[in-house]
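Quick mapping for you: the protein sequence lines, in order, are chains A and B.
Residue numbers for the first sequence follow the working numbering, beginning at 1 and rising by one.
Residue numbers for the second sequence follow the working numbering, beginning at 324 and rising by one.
Simulated from the structure, these hints should not be mistaken for laboratory data.
These figures come from a predicted structure and were not determined experimentally.
Glycine included, C-beta positions come from ideal geometry on N, C-alpha and C.
It cannot be assumed that every hint is accurate.
[Claimed, not checked] Now the stretches of chain A that chain B is said to cover, found in silico as 3 or more residues with beta-carbon under 8 Å: (1) 97–107; (2) 110–117.
[Unchecked claim] Beyond 10 Å from chain B on every Cβ pair, some chain A residues (computed): (3) L85; (4) L291; (5) P310.
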Amino acid sequence: MGTRRCKIMTAIRFENVTKQYANTTQPAVDNISCNVDEGSFVVLLGPSGCGKTTLLKMVNRLYEPTSGTIYLGQQDIRQIDATTLRRQIGYVIQQIGLFPHMTVAQNVGIVPELLNWQRDRIRQRVDELLALVDLPPDVYRDRYPSQMSGGQRQRVGVARALAGDPEVILMDEPFGAVDAITRTGLQDELIALQRKLKKTILFVTHDVEEALRLADKIIILKDGRLIQYDTPFNILSHPANQFVYDLVGADDIIRQLGLVRVDLAMKPLPADFVLNGRPTIARDDNLRRALSLLLNSNAPALTVTEGDQPVGILTLNNIQAYQ
Amino acid sequence: MEYILNRPDIILRLLGQHLFMTVSALLISIAIALPLSVVLLRSERVASAVLGVLGVLYTIPSIALLILLLPLFGLNQTSVIVALVIYTQIILVRNMVAGLRSVPSATLEAATGVGMSSWQRWYRVQLPLALPVILAGIRLATIVAISIATIGAKFGAGGLGTLLFDGIAQNRYDKIVAGALVVGLLALLLNRLLLLAEARFDPLKHVEPS
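Looking at chain A on its own, in the form it has when it is part of the complex (with noise of 0.2 Å):
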C-alpha cells in the first residue's frame, strides 16, 4: 500500500479487525476492514450494540482486537506504545469526560502537559482554542465544568481534543447528552471547525439525523458488521438492504433533502456565470431549503455561495437528479 500513488492518504486502516468478548458468542466487531481517508469525516452509525464504540475505542487502544490489525498513516498501532498512541490522537466522549477537579485550562491544557510542554506554551495554546470554540479565554479559562452549561461543557471537550493538535480525532457520541437546539448548534459548529482544520474524525452516535448532517461518509454497522460505508447521499439514494432502509428513512424525500449538503447536488460555475442577483445559498446548507427557496423564488437556479464567494450554481433538476 506504501507504493501507491493517491493524493489522498489514507489515515486509520481497519484490515480484519475482530473484537471478541469473553462472555458472549457473537463478536462486537466483526471482521471489518475500511479505510478512512486522511481529513475525511466518518462517522460510525448504528442501533446500540452493533459495536460503533468498541470498533472507535480500538483506535486508541481502550480496547485491544480479538483478531487483524488497525493502522495509523501507515504505522500498525501496536507497535506505538498505549499512552504515545493516545497522545497523539484527539478523544472526545459525553460531558462526564471533563475532570470535575481541574479548570476549563487544566482540563484542555491536559495533553500539553503530558507531553511536556513550556507552561507559556500551555496557556497560549488553551486560549488559542477556547477562543475557537467561542468561549473568550478571560471568562472561562478559571471556571470548572460544574459551572457552565451541557453545550460549553462540550465545547471544552471538543477544545481538549485539539490542543496537542492531533491528525485524527475520535469523537463518541459527543452530543448525546445536551438538548436538542444545543445539539444542532454545536453540530454546526464541528461542521464549521473541521472545514477550518481538515482533522480525521471518526465520530459514533445511533443518531441519524446526526450522522447524515456530519459525515463525508458513514459505516453502518449491524451485530458487529459492517454493512455500508458511503456518502450520506449514496446511503439515502442506494441503501444496501432493508435494514439501512430502515435506519435512514429512506422512503422520506423531503426529510432525505433537508440531510443532503447543497454542495453535494450543486454544479460548479458555468465559465460565462454572471452575478444575477439570483437568490443565494450557502454550500454547507441543505436541499431542502434549497428546494423551498427556489419554489419561493420562482428562480430557475441558485447561486451557491462560501462566505460572499459564489462556487457554484444549484437548479430544479440538479436537486431531482439527486434522488
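Fit chain B to the known structure of chain A by using the hints.
Using the frame of chain A, we list chain B on its own:
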C-alpha cells in the same frame, strides 16, 4: 482543671506520648491501607472478604486484643500501636475503597483516553476525586485511635490514660477530670483540623448549588 494548671509538665509529657502513639499508628495504618485499597479495587469478591475480616477484628474488645498482643510485643507502646493499626484499618480501607470506587468509570476512561499512564491517572484523577471520602475515613480513624490509646496506660504505654487509671486507683478526682478533659479536647481539636483539611481538599468545592 487545677491539676492541669499545676502540673503542665506531666500533662505535656503524657499528651506527647498519647500523640506519638496515635500519630505513628495512623501513619503506619494509612501506609498499609492505601496500597491495600488499590489492590482491593480490582476484585469485588476479595474486597468484601478482606473488609469482612477487618470488620471482625474491629469487634474484638480493645483490652482483649491488647492482652493477645502482649506476648508478641511486650508491655509497651509497640503493642498499643499495633492494636491501633488493626482497629483503624477497617475504617481507612472501607473509606478508601468507597472513595476510589466513587470516581465515575467514564472519567477514568477519559483519563486513559487522553494518554495518562495508570500512575498519572491514579494521582491526577482518581486520588484527588476520592480525597474527601478518604480524609473522612482518616478523621474517624483518628478519633477512634485517640480513644483506644487511652487504654494503653494499663499496658505500660503511658499516654493520657495514665491520669485516668491513676486517678481511679488513688481516688484523685482532679486527675480523672484533667485526663478526661485533655483527651476530649485533643479529639475535638484533631477532628476540627481534619474537617478543615477535608473542606480544603474537596475537589468539588467550586460547585455552586444550582
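Now the hints, each set against the structure:
Note: the segment 97–107 of chain A has 5 residues with beta-carbon separation from chain B under 8 Å; the three-residue rule is met and the coverage holds. For the segment 110–117 of chain A, the proposed coverage by chain B is satisfied: 3 residues have a C-beta within less than 8 Å of a C-beta in that chain, meeting the threshold of three. The claim that A/L85 lies off the interface is violated: its Cβ sits roughly 8 Å from the closest Cβ of chain B, which falls inside the 10 Å cut-off. No beta-carbon of chain B is positioned within 10 Å of the beta-carbon of A/L291; the least distance is around 42 Å.
The claim that A/P310 lies off the interface holds: its Cβ sits roughly 42 Å from the closest Cβ of chain B, which is beyond the 10 Å cut-off.
Hint compliance for this structure: hint 3 alone is broken.
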